[in-house]
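Chemist: Listed here are the chains, written in short residue letters.
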Amino acid sequence: MAKTTNNTIADSNLGELKAPGRSKGLIDVVLHYRYLLNLIVKKEMKARYRGSFLGRIWTYIKPLTQFLIYFFFFGVVFGMKARSDVGGNFAVFQFSGLCAINLFVEVWRNATTSIRANAALVQKIYLPRELFPLSAWRVAFSHFIPQVIILLSACLFTGWHPTIKNIIAILFGITIISIFALGLGLIFAGINVFFQDAENFVDLFGMVATWATPVLYHWSLLKQFLGPLINVYFAWPLTAACELMHYGFLQYPYFDNQNIVIPHIWRYGLIALLFSIIVCILGQIIFRKLEGKFAQEL
Amino acid sequence: MDKQNNSDVMLKVDNVSKTFSLTHNVSLKDSFVRLVKGKRVQKKEFKALNHVSFEVHKGESVGLIGRNGSGKSTLLKLISGVMNIDEGQILARGRIAGLIEVGAGFHPDLTGRENVYLNGAILGMTKEQIDDKFEQIVAFSEIEKFIDTEVRFYSSGMFLRLAFSVAVFSDPDVFLIDEILAVGDQPFKEKCMKRIRELQDEGKTLVIVSHSEEQIRKVCDRCVWLSHGNLMYDGDVETALTDMNEFEEGITRGYMAQMIYESKGSPKFELSKELTNAYEDVSEKLTPYAKAIWWLKSEGIANGYGNGFFGTDDLANRMTASIMIYNMLGKPAGDENKKGAKADFDNEILTTYADITPSTPNANAVWYLTKIGKLGPVDGYNFGKSELINKNDMEKLLK
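First to last, the sequence lines map onto chains A and B.
The numbering of the first sequence is our numbering, which starts it at 1 and goes up by one.
The numbering of the second sequence is our numbering, which starts it at 1 and goes up by one.
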């Protein structure tokens with residue numbers, strides 16, 4: 001016990017008087033709370049698969065089943081597989097889109113419930129509250145990565161030779177989704193403390209998002225229905241993100257068909273990225289506005 | 001506390017106020033009903049802290065004392081940064097952490113070891129610091145054998161011991177301690193006390209909330225006494241405890257009856273045989289309050305315990321006070337015994353208290369007094385129906 005006395009605080013190290021319970025938000029978490037963030041992510045993962053025989057295998061089973069069902073109906077029954085503008089590989093077309101949309105929905109949903117799920121901590125100990133949406137984001141990624149591994153193996157198996165441009169497109173798409181979903185997650189996590197309607201809204205919208213994005217079908221199919229509104233569809237960040245995934249996995253330089261992805265994909269990608277960054281900054285601002293009342297509302 | 005030296009101030013609470021809104025979130029349906037019926041949502045507020053100021057200097061151990069609902073816990077939450085301040089400011093030097101709600105970050109699915117690391121990090125320790133203290137933490141908790149077992153298999157005592165051990169070694173600059181030593185058996189309590197002494201010897205700054213006067217006397221050099229969110233006294237421990245006890249001492253039912261009677265200007269009334277024989281423990285020989293009690297009986301303001309006892313010497317609680325005052329006001333929201341009387345509240349129950357059941361006869365009294373702002377909750381959830389009531393509270397109620 002004598003050892004502890006060595007750690008007696010030196011007066012000079014204590015610094016200035018400052019208000020407790022203030023943080024610089026996301027930046028603070030990333031810079032100073034990484035270790036805790038890792039531990040929280042680990043905890044979430046362990047809690048999720050506790051008492052489960054298959055454990056983490058579930059992260060593979062669920063998206064695979066989802067994929068097989070969609071592939072059978074859209075690819076085979078509705079004949080998407082036979083189209084020339086799906087890059088000659090509808091399986092990859094669809095699965096790359098599904099990975100992206102699943103990531104989006106999971107980040108958003110997990111982040112939305114994260115503050116309520118950690119109510120005990122939020123009420124009792126001060127931590128930058130962004131820790132919880134951010135850990136939800138990390139957990140979602142740990143489910144996304146196995147899906148990408150499946151996707152990559154399938155691609156490599158079918159003779160995929162990506163160029164730098166393909167790789168950039170994929171990373172670009174994932175970046176847009178990460179930022180966009182985190183931004184929305186922050187906003188909704190804050191609102192959800194006051195109105196649990198947020199949770200239901202996210203569930204509902206997650207369902208809509210799958211169809212409002214060219215995941216299961218080729219974008220050109222919507223053209224005749226939307227008319228000039230197709231531009232709104234293009235500007236929707238998830239469309240760009242999803243199409244960037246398609247570009248990355250399917251648009252080979254030697255491929256004649258240039259219609260796999262939407263026109264001006266890089267330009268829309270940039271717009272989507274900017275939009276996502278704005279949403280994320282807005283999310284951070286709204287979250288900080290609301291967090292002051294978290295402890296007493298929960 | 002007129003220390004001029006500002007550099008050793010570890011914690012500065014400066015004119016701090018905190019108000020809670022008692023209006024709950026309403027659903028769309030409620031809002032619609034209200035709109036149709038033309039009823040307004042009344043904003044009810046509860047002032048948990050009222051312009052409180054004090055300073056804590058380096059190496060001091062300050063006790064926060066006061067009854068439930070005095071604002072101690074709210075103040076600790078403001079100091080730790082969990083809640084935001086409405087008015088004024090709190091400044092602190094260094095890292096604040098503490099034994100508030102021990103075990104809040106524990107997860108049953110993790111092993112003891114994993115929980116030590118997780119909670120150490122939650123309390124602001126780095127990995128190296130936890131590595132460094134790990135042996136000590138485990139040894140202190142006395143659960144070496146089970147450290148790699150999932151916490152869900154721990155007994156509640158083991159769980160709390162481990163949680164407490166992590167907190168006690170988390171080494172903050174300002175240590176907040178809420179209800180120390182509610183944990184474990186006697187030997188463990190003594191060990192904790194010893195550890196707190198060590199922290200004091202190391203020059204740590206402690207802020208302690210406790211209901212145990214014995215603990216406050218043992219640990220603190222100074223006391224800050226809060227009552228209903230107001231700072232009543234800041235200084236010497238013995239003076240604070242004596243003053244508080246004197247002030248907060250609960251009044252008896254008989255005394256309460258007397259206060260109500262006097263507040264009405266001690267009216268004259270007919271004494272009947274029926275009245276004077278109503279209670280076995282009330283007669284002019286037995287109690288100085290007899291006349292007041294009989295008057296309350298004749299006015300239907302207070303009842304006894306049913307079979308002939310008023311309970312003159314029993315301590316009055318908030319529920320007793322609510323009922324008497326409600327009756328004194330003439331049961332404005334209706335008689336709870338009449339059918340449909342409760343309807344007034346159905347659409348605008350302002351506060352749902354965890355300890356008041358809506359269908360019980362006394363709920364109307366509590367709700368009405370809350371509605372008119374006479375009584376509020378003792379904490380966020382409870383009305384505190386069995387909490388004692390003191391002279392000061394009663395005077396306020398009778399205003």
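FYI, nobody ran anything at the bench for these hints, they're computed from the structure.
Be a bit skeptical, because a hint or two may be false.
One-sided excerpt, in silico: chain B residues whose CB lies under 7 Å from chain A [to be verified]:
#	residue
1	Gly81
2	Asn84
3	Gly88
4	Gly105
5	Ala121
6	Thr287
Backbone N, C-alpha and C fix where the C-beta goes; we use that ideal spot for every residue, glycine too.
Chemist: With reference to the structure, classify each hint as holding or not holding.
Modeler: Now the hints, each set against the structure:
1. With 7 Å as the threshold, the beta carbon of B:Gly81 comes within range of chain A, its nearest partner Cβ sitting at about 2 Å, so the hint holds.
2. A least Cβ separation of about 4 Å between B:Asn84 and chain A falls short of the 7 Å threshold, and the interface hint therefore holds.
3. The beta carbon of B:Gly88 comes no nearer than 11 Å to any beta carbon in chain A, farther than 7 Å, and the hint placing it at the interface is violated.
4. Here the hint on B:Gly105 is kept, as its CB sits about 6 Å from the closest CB of chain A, short of 7 Å.
5. Hint status for B:Ala121: holds, given a least beta-carbon distance of 4 Å to chain A, under 7 Å.
6. The interface hint given for B:Thr287 is violated, since its Cβ lies 45 Å from the closest Cβ of chain A, which is over the 7 Å cut-off.
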